[in-house]
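2 protein chains.
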Amino acid sequence: MPEVDPWGEVETGSYAEKMEKFGIDPITDIEHRMPDNLLVRRGIIFGHRDMDRFLEELENGGEVAMITGIQPSGLFHMGHKLVVDQILMYQDMGAQLTITAADVEAYNTRGISLEKGRELVAEQYLKNYVALGLELDETDFYFQSQAGNDHLSRAARFGRYVTQNEMEATYGSGEPKKMSSAQIQYADILRPQFPENGGPKPTVVPVGLEQDPHIRLAREVARKFRDHDFTKPVSTYNKFMRGLTGGKMSSSQPKSYISLTDSVEEAKQKIDDAKTGGQDSLEEHRRKGGDVSEDMVFELLAYHLVEDDAELERIRREYESGEMLSSELKEIAKSRIEEFLVEHQRKREEAEPAVQQVLDEHG
Amino acid sequence: MPEVDPWGEVETGSYAEKMEKFGIDPITDIEHRMPDNLLVRRGIIFGHRDMDRFLEELENGGEVAMITGIQPSGLFHMGHKLVVDQILMYQDMGAQLTITAADVEAYNTRGISLEKGRELVAEQYLKNYVALGLELDETDFYFQSQAGNDHLSRAARFGRYVTQNEMEATYGSGEPKKMSSAQIQYADILRPQFPENGGPKPTVVPVGLEQDPHIRLAREVARKFRDHDFTKPVSTYNKFMRGLTGGKMSSSQPKSYISLTDSVEEAKQKIDDAKTGGQDSLEEHRRKGGDVSEDMVFELLAYHLVEDDAELERIRREYESGEMLSSELKEIAKSRIEEFLVEHQRKREEAEPAVQQVLDEHG
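If you're matching them up, the sequences are chains A and B in order. When we follow the numbering used here, the leftmost residue of the first sequence carries the number 57, and every step to the right adds one. When we follow the numbering used here, the leftmost residue of the second sequence carries the number 57, and every step to the right adds one.
If you are wondering where the hints come from, they were derived from the structure by calculation, not from laboratory data. Fair warning: this is a prediction, and the values are worked out from it, not measured in the lab. Possibly wrong hints are sitting among the right ones.
One copy or two, it doesn't matter: identical chains are merged, so the pair holds either way.
Think about it this way: if two alpha-carbon atoms lie no more than 30 Å apart in a straight line, the pair counts; the simulated DSSO-like pairs of lysine-lysine are [claimed, not checked]:
| hint | residue 1 | residue 2 |
| --- | --- | --- |
| 1 | LYS280 | LYS172 |
| 2 | LYS403 | LYS390 |
| 3 | LYS257 | LYS172 |
| 4 | LYS386 | LYS304 |
| 5 | LYS172 | LYS288 |
| 6 | LYS77 | LYS288 |
| 7 | LYS403 | LYS304 |
| 8 | LYS295 | LYS172 |
| 9 | LYS311 | LYS324 |
Generate coordinates for the entire structure from the input sequences, incorporating the hints supplied.
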């Protein structure tokens, strides 16, 4: 079995160990050249490959690009929002944006029909993306099943540059359905560099560690393909939020996540039911204080709901000292999530026409 | 290793044994319903899968189709002509014709660039096809690399319906470059049945036994694919001509074949140098007679140069009785090949504009 499996469960173990093993550099090396973004400041984006090359091109006024994929599965939740926050960061940096809806991959590896995939992408992803600030009309958005003749023909020819051994060592499997999907992913990753899209340019793919196998082989393909030039894609790696109930956030466990279409009441209830780092009794909490590293409510604040570092630090200090109780921490989170959801759901409705238009164009 | 390898050497061993093992029916079962064609009469087409279904549809006035592929390799020779003779038979029967130029497969499995593949397809194949009688403007001709978004997207999704075990058992390999090529081949084979091409219809693929693995898995894909309906493709199987020097006809051995662009002098010289079934001395030949089964010149006559059965039978009788000498048999073949090549090469020149037009349309 490979270390990490992009089609399997998220179980990335020790980040530092994996970074060392895979040859991923720490984000701290280049943090000062990155935007002032909480994902960077708080180490949620923790590593990269060749991001210095991306930043150098950007600093020299050259063209850079970002590509990410939508894997249509279930409800869009606060864990997924991390991806969008990264897209928005690259949008602000001026990168050309490419977003692929991985409907062929969903079809092959999870048996989701193209129609169902399409519906999920529109309802659960695009509407939320636009509501969160994505400028869809400035984005090269497409479904893999409609990526175009040249895209899909290149994907098929990329097979020449990857051996069965590499595939099996990297993915732990050589199933045709995975190989086809993987080859289309390499084409997705390299798409901003296609000749018709302006040729070679540093292109960042923001991913979780479990997607690194795709990055590694896409870099190999970029190096070996001779029909036209590619520069090796760049990547950044983000940590995952844990689920509200502790352990991993999972679509199959609705109490583990807050969906962006949950009602305010549902969301508040989930926060009330969340795992905290508070002590068992009031007296013990006052004496020992809360443990933020085991507090899923604090994690929600840190990842999404408290932008200001000083404010987050104040909350942490008060909670760790025992001055603030878990119930008080939850009140903060409930108030913030209400504010966020009300605003977001209003914007989500406003996003409908823009999304519909894009879908019509990609019929 | 699999019994036969569509990417490997042609070594089909005993036809009868393989037919039994693979479940291929003898052509003799349906011969009376087939056209009066020397390929059928002489058992060059020796087997089939489901050809009765194709004939029934045709007899009922329904639509039927034929698909075949061009594998760009070297010079086009008399062995390749067997494929064209079959295309022409199906053209006469009224089948819709589809011809794919397998440039992606040549790229992936033999490292031939798309440009080189394109050049070979035009010069060595299409011009000869048209000169031999193919109505190119009535044919759905395309390069795999330009098969279109829907074609290539289906090919990628066919991966869902074939397992790694099946691939390895069938092809003896699960290399990505072969898997990608194979999946595009399934789409090629099913193309006449795409909804945009009129939906399910009996579609025959005339092949050699070594291509049967593709047929078997394309039939599996046709059965399992649920996005739209396919009927299982039909196939016929042809024997291969042996090389003029005995053994197999091989592009790497120019003396083993007569190319359709060879000069008349070259062709005659190759016939003079061919392996015959004649006896060592005149006296012995007159006494024992020639052995047509080991006579490559007789094979050339039987496969290509003598249309009339009675005439071929007369030649056989005279040769086997010792009345006709090898040198006389060769004189017949040289005279016929001259007649054929002169006429063919004239038609080949006339074919140039039509081929150029099709290439321009598939730029």
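Each hint, compared with the structure:
1. LYS280 <-> LYS172: Result: close only across copies, 19 Å inter versus 36 Å intra.
2. LYS403 <-> LYS390: within (20 Å within a copy, 83 Å between copies)
3. LYS257 <-> LYS172: Between copies, since 28 Å is at most 30 Å while 34 Å is not.
4. LYS386 <-> LYS304: Classified as within; 20 Å inside a copy, 81 Å across copies.
5. LYS172 <-> LYS288: between (33 Å within a copy, 27 Å between copies)
6. LYS77 <-> LYS288: within (19 Å within a copy, 49 Å between copies)
7. LYS403 <-> LYS304: Classified as within: same-chain Cα gap 29 Å, cross-chain 71 Å, threshold 30 Å.
8. LYS295 <-> LYS172: Close inside one copy (29 Å), not across copies (47 Å); limit 30 Å.
9. LYS311 <-> LYS324: within (11 Å within a copy, 84 Å between copies)
Against the hints set out earlier in the document, no violation occurs for any number.
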